[in-house]
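K.L.:
Going down the list, the protein sequences come from chains A and B. The numbering used here puts the first residue of the first sequence at 9, with every later residue one more than the last. The numbering used here puts the first residue of the second sequence at 72, with every later residue one more than the last.
In case anyone wonders, no lab produced these hints; they're calculated from the structure. Glycine included, each C-beta is placed from N, C-alpha and C at the ideal position. Be aware that one or more of the hints could be misleading.
What the hints assert, rightly or not - Among the chain A residues that face chain B by a calculated CB cut under 8 Å, a handful are:
#1 32
#2 69
#3 77
#4 149
#5 194
Unchecked claim - Estimated spans, in silico, between C-beta atoms of each pair:
#6 B:199 / A:115: 15 to 25 Å
#7 B:180 / A:118: 15 to 25 Å
#8 A:115 / B:200: 16 to 26 Å
#9 A:199 / B:165: 18 to 28 Å
#10 B:169 / A:157: 19 to 29 Å
To be verified - Footprint (simulated), chain B over chain A, 3 or more residues, beta carbon under 8 Å:
#11 53 to 66
#12 84 to 92
#13 116 to 124
#14 133 to 139
#15 158 to 166
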Amino acid sequence: MMAAMSATGLVATALPLAAINWHSTFFLLFAVLACVCAVAVVAADNVVRMALYLVLSLGATAGLFFLAGAEFVGAMQLMIYVGGTLVLLVFGVMLTAQAPFVSIKTAPGDRALAGIVGASLLAVLLLSAFSVEEWRKPAAGVVGEPTATPIGMALLGVRVDEPPAHAPAGVRSGYLLPFEIVSVHLLVVLVAAAYLARAKRRKTPRAIEVAASVEPPASVAAHAAIGREPAGRSGSVLVGGPR
Amino acid sequence: MISLIGSTPLGGGLFAMGLFTEPVSVAHYLVVGAILFTAGIACMAVKRNALGVLMGIELVLNGANVNFVAFASPYLQAEGSRGLGLDGQVIALFVILLAAAEAAVALAITLNFYNNHATVDVDRADDLKG
Numbered sequence: 009m010m011a012a013m014s015a016t017g018l019v020a021t022a023l024p025l026a027a028i029n030w031h032s033t034f035f036l037l038f039a040v041l042a043c044v045c046a047v048a049v050v051a052a053d054n055v056v057r058m059a060l061y062l063v064l065s066l067g068a069t070a071g072l073f074f075l076a077g078a079e080f081v082g083a084m085q086l087m088i089y090v091g092g093t094l095v096l097l098v099f100g101v102m103l104t105a106q107a108p109f110v111s112i113k114t115a116p117g118d119r120a121l122a123g124i125v126g127a128s129l130l131a132v133l134l135l136s137a138f139s140v141e142e143w144r145k146p147a148a149g150v151v152g153e154p155t156a157t158p159i160g161m162a163l164l165g166v167r168v169d170e171p172p173a174h175a176p177a178g179v180r181s182g183y184l185l186p187f188e189i190v191s192v193h194l195l196v197v198l199v200a201a202a203y204l205a206r207a208k209r210r211k212t213p214r215a216i217e218v219a220a221s222v223e224p225p226a227s228v229a230a231h232a233a234i235g236r237e238p239a240g241r242s243g244s245v246l247v248g249g250p251r
Numbered sequence: 072m073i074s075l076i077g078s079t080p081l082g083g084g085l086f087a088m089g090l091f092t093e094p095v096s097v098a099h100y101l102v103v104g105a106i107l108f109t110a111g112i113a114c115m116a117v118k119r120n121a122l123g124v125l126m127g128i129e130l131v132l133n134g135a136n137v138n139f140v141a142f143a144s145p146y147l148q149a150e151g152s153r154g155l156g157l158d159g160q161v162i163a164l165f166v167i168l169l170a171a172a173e174a175a176v177a178l179a180i181t182l183n184f185y186n187n188h189a190t191v192d193v194d195r196a197d198d199l200k201g
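Chain A extracted, bound-state conformation:
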């Protein structure tokens, strides 16, 4: 009993609970989770495990966003990245996960080379991260306001947030135009993705097509030579998928 009490007292003197900054502690938790899972994505060979580690890393990053006071961005990160993009990726994994492709091994030489290049890149980035005096100062602890309303209004073109100190006074533009560009871009991209990924029906087996495109018939070559039929058209008919 005495030993237990003295041990508790020792820990309490070494680590006073009142001195613990819980914001920093949770930051450390999420940061370690995000970084370890990101490195595990690189280290893992199995594509299903890579997807799992990526989910954990992105989720921990959303926690970092919440801790930085960007709760709207954190929620979007969870909903779009973890909810949408990862479902897409996992579907891709399931559709292409035939036995030989679940884990494609990387050559050890490539891995070592990537390790060296990555370590030097990381060294440069860390050096620059610590190079500015202002970035190293601890946070002053200004409590930010909720960001959902200012972001929503700014996307509609109305700014209700306080301007930064260095910004010139006067009317500031919102983000209506970028918002429209991004939304049209997203629409076009999704239509294109659906078009690209649609199921095609082949009339002829691919082996025959390949053989035909490698050795075009003499009549086609003759037509192409005298220019009655464009050479590109015959090639595209043979190589491209059947309409």
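For this one, chain A is given, so just place chain B on it according to the hints.
P.N.:
Chain B in isolation, oriented as in the chain A frame:
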């Protein structure tokens, strides 16, 4: 639980560095962003599975987003500095949206490649080699 972490050698070392007691700064977030970015670059370079390359791109974009949010956050700024304000968070939102769009198209291309070549190994995608 914190006492448990603190009594291990690693936890004690982190405690001595002040990571549990000092408020975080922008540089802390920049370190996390740098590690995510580097892991993504290495993933893009090393993986032979096309989906692995896609995951590397997601990691790179995510590392950039961490930096944007850190510079935009009023909570993390030092005394007398207000950071980017709302701009950084909105740019982070746009990056998330564009990453979703990019993932959709890249996945469609990967599925198309898989349908035509019956593999997802990017080293086999050398039909356009000059």
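K.L.:
A separate judgement is required for each hint: does it hold in the structure or not?
P.N.:
Against the structure, the hints:
no.: 1; hint: 32; in the structure: holds (5 Å)
no.: 2; hint: 69; in the structure: holds (6 Å)
no.: 3; hint: 77; in the structure: holds (4 Å)
no.: 4; hint: 149; in the structure: holds (6 Å)
no.: 5; hint: 194; in the structure: holds (5 Å)
no.: 6; hint: B:199 / A:115: 15 to 25 Å; in the structure: holds (23 Å)
no.: 7; hint: B:180 / A:118: 15 to 25 Å; in the structure: holds (23 Å)
no.: 8; hint: A:115 / B:200: 16 to 26 Å; in the structure: holds (20 Å)
no.: 9; hint: A:199 / B:165: 18 to 28 Å; in the structure: holds (20 Å)
no.: 10; hint: B:169 / A:157: 19 to 29 Å; in the structure: holds (24 Å)
no.: 11; hint: 53 to 66; in the structure: holds (count 6)
no.: 12; hint: 84 to 92; in the structure: holds (count 5)
no.: 13; hint: 116 to 124; in the structure: holds (count 4)
no.: 14; hint: 133 to 139; in the structure: holds (count 4)
no.: 15; hint: 158 to 166; in the structure: holds (count 4)
When the structure is compared with the earlier hints, no violation turns up for any of them.
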